[in-house]
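A.B. asks: Here are the chains, one letter per residue:
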Amino acid sequence: MCSGGTLSILRSDSYVDLSQYRDQHFRGTRYDQERLLRKSCTLYVGNLSFYTTEEQIHELFGKSGDIKKIIMGLDKVKKTACGFCFVEYYARGDAENAMRYINGTRLDDRIIRTDWDAGFKEGRQYGRGRSGGQVRDEYRQDYDAGRGGYGKTVQCQRA
Amino acid sequence: MSRRRHSDDSDDSDGQPHKRRRTSEPSEIEERLESLICRVGEKSNSSLESNLEGLAGVLEADLPNYKSKILRILCTVARLLPEKLTVYTTLVGLLNARNYNFGGEFVEAMIRQLKECLKVNMYNEAVHLVRFLSDLVNCHVIAAPSMVAMFENFVSVTQEEDVPQVRCDWYIFAFLSSLPWVGKELYEKKDAEMDRLLSQTESYLKRRQKIHVPMLQVWTADKPHPQEEYLDCLWSQIQKLKKDRWQERHILRPYLAFDSILCEALQHNLPPFTPPPHTEDSVYPMPRVIFRMFDYTDDPEGPVMPGSHSVERFVIEENLHCIIKSHWKERKTCAAQLLSYPGNNKIPLNYHIVEVIFAELFQLPSPPHIEVMYTTLLIELCKLQPGSLPQVLAQATEMLYMRLDTMNTTCVDRFINWFSHHLSNFQFRWSWEDWSDCLTQDLEKPKPKFVREVLEKCMRLSYHQRIIDIVPASFSVLSPANPVCIYKYGDESNRSLPGYTVALCLTIAIKNKASNDEIFSILKDVPNPNQDDDDDEGFTFNPLKIEVFVQTLLHLAAKSFSHSFSALAKFHEVFKTLAESDEGKLHVLRVVYEVWKNHPQMIAVLVDKMIRTQIVDCAAVANWIFSSELAHDFTRFYIWEILHSTIRKMNKHVLKIHKELEDTKARLARQHKRRDSDDDDRSSDREDGPLEEQIERLQEKVESAQSEQKNLFLVIFQRFIMLLTEHLVRCETGGIDVFTPWYKSCIERLQQIFLQHHQIIQQYMVTFENLLFTAELDHHILAVFQQFCTVQCTSKLFMFSLLCG
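As you go down the protein sequences, you meet chains A and B in turn.
At position 67 of the first sequence the residue is numbered 67 (our numbering), and the sequence of numbers has no breaks.
At position 31 of the second sequence the residue is numbered 190 (our numbering), and the sequence of numbers has no breaks.
Honestly, the hints are just simulated from the structure, not real lab data.
Treat each hint with caution, since some may be false.
As the list claims (entries may be wrong) - Pairs of lysine to any residue residues, derived as SDA-like cross-links and limited to a Cα-Cα distance of at most 25 Å, are as follows: (1) A:K78 <-> B:C197; (2) B:K365 <-> B:P434; (3) B:K278 <-> B:E219; (4) B:K718 <-> A:E122; (5) A:K63 <-> B:I784.
Unchecked claim - Partial list, derived from the structure: chain A residues whose beta carbon lies under 10 Å from chain B: (6) L7; (7) L18; (8) Q20; (9) Q24; (10) R100; (11) Y101.
Note that the coordinates shown come from a computational prediction; the quantities given were computed from them, not determined experimentally.
Where is the CB? At the ideal position from N, CA and C, for every residue including glycine.
If we strip away everything but chain A, and leave its shape as in the complex, we get (with noise of 0.2 Å):
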């Protein structure tokens, strides 16, 4: 009777949970992509400076547990950091300890956001944006200097 009995108010595990965003470029159902999330070992993580390094990503992620693998988001076009990445674990309760823990703290000196993502393929480590880095920075308006500056439309309205 003890050893099974739990309670749903500390079973509450929210840092852990789904987010709303799902990946428009998978290729399967959204109950396959769900599985996948729910059993991933790879976090993708946002709101990088263009300079945060391989390094300090591994120092930092490396507190919830041995890292399998870290792959950079890359410009399309130049093949530069462009803001985020892909952190792989070997298992999976230490990206659950990423997601509690990391996710929302600082990393140079920014708050960092991890996502649980489906998996790694070839091609994902590209942003997607019209101007080859992330969308996020073709549209927004504030200047940000850890990512290029202006955004990029912005940026052509002011050439």
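Go by the hints and put chain B onto chain A.
C.D. replies: Only chain B this time, still in chain A's reference frame:
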């Protein structure tokens, strides 16, 4: 989400809307009940008393239909929400007053749950159950004499023979730790019996072994706060409570408001409780040392902090630890719950919270939760209390720094990790000048060492120039090296070095995407300084070949971790061949160190990759760490991170193969079962063949892996013994004091090996005892082993020798 049997549209012919019957799933009722019960006591517009009264009414009404569910939920909250103990005992008290039978059934269910917890080694939860039962005495649910009788059975466990001390410890702890709640009532009803129990407890505490204490203390010094063994501390607290005539003012007791109702209730007697006997499978909680860093002098403006031997201190700490245990996965909830702990204007809550969090972070052997959780929890707390908590944290950091000289090395490691990670979330802002005292000290001393390691970790989370910028110029002596690669064949001026031309050749070849075979043929030209004529066919250990190849490759791949990993992967074959022998493996590691000694992080990830791709093995890494080339870096943090990471990989490997074996055995068992149930004569034992072969193979693999694991620890212990013995002999013959900073660090690193991996080491105890930790060993080193044995309480040989004096 109810399922309506009838549709919303009432399309009855007579136009009358039918009464809609709503049927809910049974699980929904359970969820609702659970939610109601769990939420009582949370922030509410009504008073706690009226909420409890209301809930008691609801539950009483639901008893006819949902009694077993309610029983189960109440038993579960008793076990899992100990921080709300008195809220729920009051609730049970009210229910018992309304329904005597229910009260009896609840008590029976609790006893069943307690027995089950003890059977499956859930001792921490069992304590909560015992405490709950004892508080039920205050709620007139359980008769005091029967509670005393249970405690008499607990205390009599100390009279059992041939049982581990930790077993007796638990029963004494369960008894003593309930007294803050129920001591007064029990003493009023049964003072003679209680005096006897306390006296028996005292004599047990006097005769029990405490050799393990130094191994578990965060600080070795007794000032400013003694780090007491947990039972000793609790005993002092209970003695003081008794002296204060059992007056206890901190615990919230909602049942007091219902006294007139509750005292009318009939009480139940606890059935006689026999502690389940000790078995081979019993695993009791390890002993602890109570962490104290604050007292009332640390917050002179605020409310007075309860003294270290006050029972209030015990209760506050217990409850705060329980809150963390309940909500560790939800950092915002955890922070909010901690900060809303009742009594926060009578106690310096921020200080208690910070102390409890550091107590867990520094707990030996290991923290209850992953280290990074505490960093993030403290950040959440700072966010919720930006005007007060950061100051307490800064004060705590300062105090921890001041006491580094006597802090256990493992705890210093955790302090370094926490502080550097914390700073990286706050732009590395810190008043470093306050710590200039460390600049005048020998760099091996704890304070400068700490600052150096912190700055190195800060650099890993940022970059070299940032660190130079954030510290005053005077701190440059402690700043980390610029993490650049050192390539010995890089400069024209090195062209006289043997192998220089081959290195150049290799560089060009690799840049031109040469294959492994091409690399081999280039390396053939490298002479072997160890032999007169090189063996053309074979690749016997040739240090120069290894040097030229590894230096060149790592230099070419220096740009990032990914580049280096690709290089290791691409030329895996060359690595495997060059590092085939044990000497080869050791030399590869040496060269890696030579190239990357400025970049410890790179060394660590390369060693990790080389183990995982089987270029080197774990024993080679252990031998390399203890080699004379690394003596200079021996006390640096990164070395021990590498060693512990290596041991963990070894352990995980053994577990993985073991699991494969168990899974295959299970498959075979299922196959047998299917066949038996099929009752089909045609299927034969031949089907078992492949699985049985697999099992045999896996069995061999497991044995071989375990042998490798045992050997790894043998190597590590042997090297420690050699190193420490050398030092002790040198000191004795030279007449100098043994206890240098190096020695303290080294002994504590040995202790760390025991503590971090105690479960594995326990498996091979007999070998270690017979081969290494024999009576001939210097007593300083043997003491570490003996302390470990008492913490584990498993070494029968050692316990026997203790008993014999």
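A.B. asks: Now look at each hint and say whether the structure bears it out.
C.D. replies: Evaluated hints:
1. A:K78 <-> B:C197: Between K78 of chain A and C197 of chain B the Cα gap is close to 55 Å, so the pair fails against 25 Å, i.e. violated.
2. B:K365 <-> B:P434: 23 Å, holds
3. B:K278 <-> B:E219: 32 Å, violated
4. B:K718 <-> A:E122: 22 Å, holds
5. A:K63 <-> B:I784: 23 Å, holds
6. L7: 6 Å, holds
7. L18: 16 Å, violated
8. Q20: 19 Å, violated
9. Q24: Violated - the Cβ of Q24 of chain A stays beyond 10 Å from chain B, reaching only about 27 Å at its closest.
10. R100: 6 Å, holds
11. Y101: 4 Å, holds
Hints 1, 3, 7, 8, 9 from the list above are not met by this structure, while the remaining hints are.
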